[in-house]
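Q: Listed here are the chains, written in short residue letters.
2 protein chains.
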Amino acid sequence: MNDSGSGGFEQRLADIVGQANLLTGEAVGEDYAHDECLTVEPAKPRYVAKPATAEETAELLKAAGEHRVPVTARGSGSGLSGAARPRPDGLLISFERMNQVLEVDADNHVAVVQPGVTLAELDEKTAAAGLSYTVYPGELSASVGGNVGTNAGGMRAVKYGVTRHNVLGLQAALPSGELIRTGGKTTKTSTGYDLTQLIIGSEGTLALATEVIVRLHPRLPHGATVLAPFGDLDQVVRAVPKIIASGLDPHILEYIDNLTMAAIVYKEQLSLGVPDEVRDASQAYLVVSLENRDNDRLHADVEILGELLGALGAADVYVLEGPAARKLIEAREKAFWTAKSVGADDVIDVVIPRAEMPAFLAKVRELATASESGAVGCGHAGDGNVHLGIFQKDPAKRRALLHEIFAAGMAAGGSISGEHGIGHAKKEHFLELEDPAKIELMRRIKQSFDPLGILNPGVLFDQESQ
Amino acid sequence: MNDSGSGGFEQRLADIVGQANLLTGEAVGEDYAHDECLTVEPAKPRYVAKPATAEETAELLKAAGEHRVPVTARGSGSGLSGAARPRPDGLLISFERMNQVLEVDADNHVAVVQPGVTLAELDEKTAAAGLSYTVYPGELSASVGGNVGTNAGGMRAVKYGVTRHNVLGLQAALPSGELIRTGGKTTKTSTGYDLTQLIIGSEGTLALATEVIVRLHPRLPHGATVLAPFGDLDQVVRAVPKIIASGLDPHILEYIDNLTMAAIVYKEQLSLGVPDEVRDASQAYLVVSLENRDNDRLHADVEILGELLGALGAADVYVLEGPAARKLIEAREKAFWTAKSVGADDVIDVVIPRAEMPAFLAKVRELATASESGAVGCGHAGDGNVHLGIFQKDPAKRRALLHEIFAAGMAAGGSISGEHGIGHAKKEHFLELEDPAKIELMRRIKQSFDPLGILNPGVLFDQESQ
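So the protein sequences, as listed, match chains A and B. Residues 542 to 1007 (our numbering) make up the first sequence, in order. Residues 542 to 1007 (our numbering) make up the second sequence, in order.
Treat each hint with caution, since some may be false.
Since the list can't tell identical chains apart, any single copy or any two copies may satisfy a pair.
[To be verified] In the DSSO-like style, the derived pairs of lysine-lysine whose C-alpha atoms are separated by at most 27 Å in a straight line are:
{"id": "1", "residue 1": "Lys979", "residue 2": "Lys783"}
{"id": "2", "residue 1": "Lys979", "residue 2": "Lys603"}
{"id": "3", "residue 1": "Lys666", "residue 2": "Lys979"}
{"id": "4", "residue 1": "Lys666", "residue 2": "Lys585"}
{"id": "5", "residue 1": "Lys666", "residue 2": "Lys603"}
{"id": "6", "residue 1": "Lys666", "residue 2": "Lys783"}
{"id": "7", "residue 1": "Lys585", "residue 2": "Lys881"}
{"id": "8", "residue 1": "Lys868", "residue 2": "Lys934"}
{"id": "9", "residue 1": "Lys868", "residue 2": "Lys881"}
{"id": "10", "residue 1": "Lys783", "residue 2": "Lys700"}
{"id": "11", "residue 1": "Lys700", "residue 2": "Lys938"}
{"id": "12", "residue 1": "Lys808", "residue 2": "Lys979"}
{"id": "13", "residue 1": "Lys700", "residue 2": "Lys666"}
{"id": "14", "residue 1": "Lys938", "residue 2": "Lys603"}
Quick caveat, the hints were computed from the structure, so don't treat them as lab data. None of these values were measured; they are calculated from a predicted model.
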């Protein structure tokens, strides 16, 4: 950054957002120094600005460009890749004041929201219209802007897709200080390059979303969750393609290995009604949720599902009703926190073709054993998205293990992250393992948006000298 | 292009694809001079090369770059924007020899195909596995590569989405002559910018798909089609959001205005069982198709749908069975050909938020009347994608009318094309009406892929001097 005139820059920021919405020095709280990533060192930013409007956000970017100050965007700080970790010499733009649901449009099945809106707030507003924004990463305090940044997924992606499939349009501030609108309240367009899709998942390196048009789906009134313990993990993951092929269209299809389930049950004090002898003989669990607008059809489908699970090797099938079902799903959502609380040193989320899960998980076990590490977890089985808690205190050994796990995932036709993103945390692996021709192309795309390199430098790519 | 040494270039092309797969001069047939767009002048390319592999395709691009020869890609030539219309001094890469379904992977519900595979061929291959590639633009001779180029849609998009939602990965040749692989057999990834999504819909201006991983859905065995005549067009389009909200999840939801229906019935010699007095009193029709894995549920849903349509103002409801249903859907698919055969001067496909259809169609009628033109049609009502046949012989008047219709669509929150693309045909309107900041950004993205500007110059953007 250009240090001369940083006082002038500070005044400029204050002029844009108002003195009360600019934090510097001691006033910058610890929360702004990190997201929830376990491995990226916190760093307090020099400035925190809280814009109230898209125009203020654009002005902030313009000022940052003129002063060559790096800019990081922050929603709720619940990301797992360190992409919201600011730079010590930088400006953090916190969207906490841009937190309004501007419109719930029931005819077009969309909502228009500001980036700081949390999923909990959006869920409440859409419920009133009988609709739902179906992107549900583990944390309901997550913001929609953060969803866009990381292309968040979550448990319902098996039926409804990830953020990419549920964001139809954006207003976005470019590093130049221009505001653009992309897409709209339509599910399709073939009118030039799809800037919406390019910005989604770019982890704050291309443009900052200042308004998001999200797709809503009818909220189906009837649901049930089935828990099926299996004697072995392979059986669980082998069952997944068959369940997808059944046409029962589950909106949740998760596997949980026995260590993770034990931790979840213990931490959340869950009672699942699974007898001790079944639990002791189980290596893994499948959790399948169905929903329907018709209760009779739901029950008929649960019956079919139960028979199918039995045929696929489940030791038994437990239909969880009401609170017990909700509790299990909530506990699964908190798997990250459970992993953290039992001492995981990292949490990763490789994605592979779902039919590759048995071979991939076998490979992971082999790699973990060889490195004297732990690698246990759960995952969005329907999507082939494997979430692993990594237990290895030694940074060099952990780094080597992660590298091998990521390489194995890519060799299986997958990629490093299904929904957490690369951020700072996995950049080194990304740059080492990804095709250099693609990295080079992505760098040039980055340059086409951000020639001065002010947006989240050091995320995805190494910081270039300015 | 650099004219010196074009003999050397020709030899180079022959070395790459083999003399038998290179056409020049008189050997270049008329078919290569155009796609199905009504308004873009045909032009025979100087060279037609038919690569057999991705590597040959990449080599062709490398050679074209070195010789500064413009390159246009062609699948089946069924596009409607002129994006496959080559340049007289250019190279046309025809994917007709790269027409293999490489794999139908039933566990991961994907197929891996070469770009020249037609939808008819893919449908046959996937049917054997009980699966379906659900992108169905009007023409089953269309190629998957062409789908990718234009982000094709079709009638089933209301349930299954457009090409963008059904292509999970690509192998693509870059203008540099490099081959990259993007995405994979997974429905999600958050690992760098989404190059798959950026290339889809780029109309052959960024990279050429040499292999496509498409998503497949279970092929549901039971289906029914309901035809509902309405006394007025507004009622039809007002009914659409209610049908979507019902949760009946139709896979086809089309409106057809009475002139278009008359032309379709006449051309296809259809007998729909609609009494003369109902037909004479009808201004428009809704066509709704439901599918289910269970026949009883299907019939129950058809009943609910019938009641809903009655409540929404349908004059009557006709359930079409088997051949009659298929015939109507096929006829609707051929609406473009019908429009062409009755003398339409252009066919456009503005997309708007579906709830805006009544106001938009009223505006279109007003604009058409004022310009003494005809504008009739049908459309993917569930998507807000309005297909209009434009009847106006005078090019200046037609141009002015189109400009106003596109502007009205954009003012209603939509865009110029929902699925046909911009190509050469609508470029002028695109450049006039679209936000200059977005055009500039798209130009820079184009440059990041194709610094020499060899890929389909003149499509989307005006040709720049080289």
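Q: Please list, smallest to largest, the hint numbers that this structure does not respect.
A: Per hint list: 1, 3, 4, 5, 8, 11, 12 and 14 violated.
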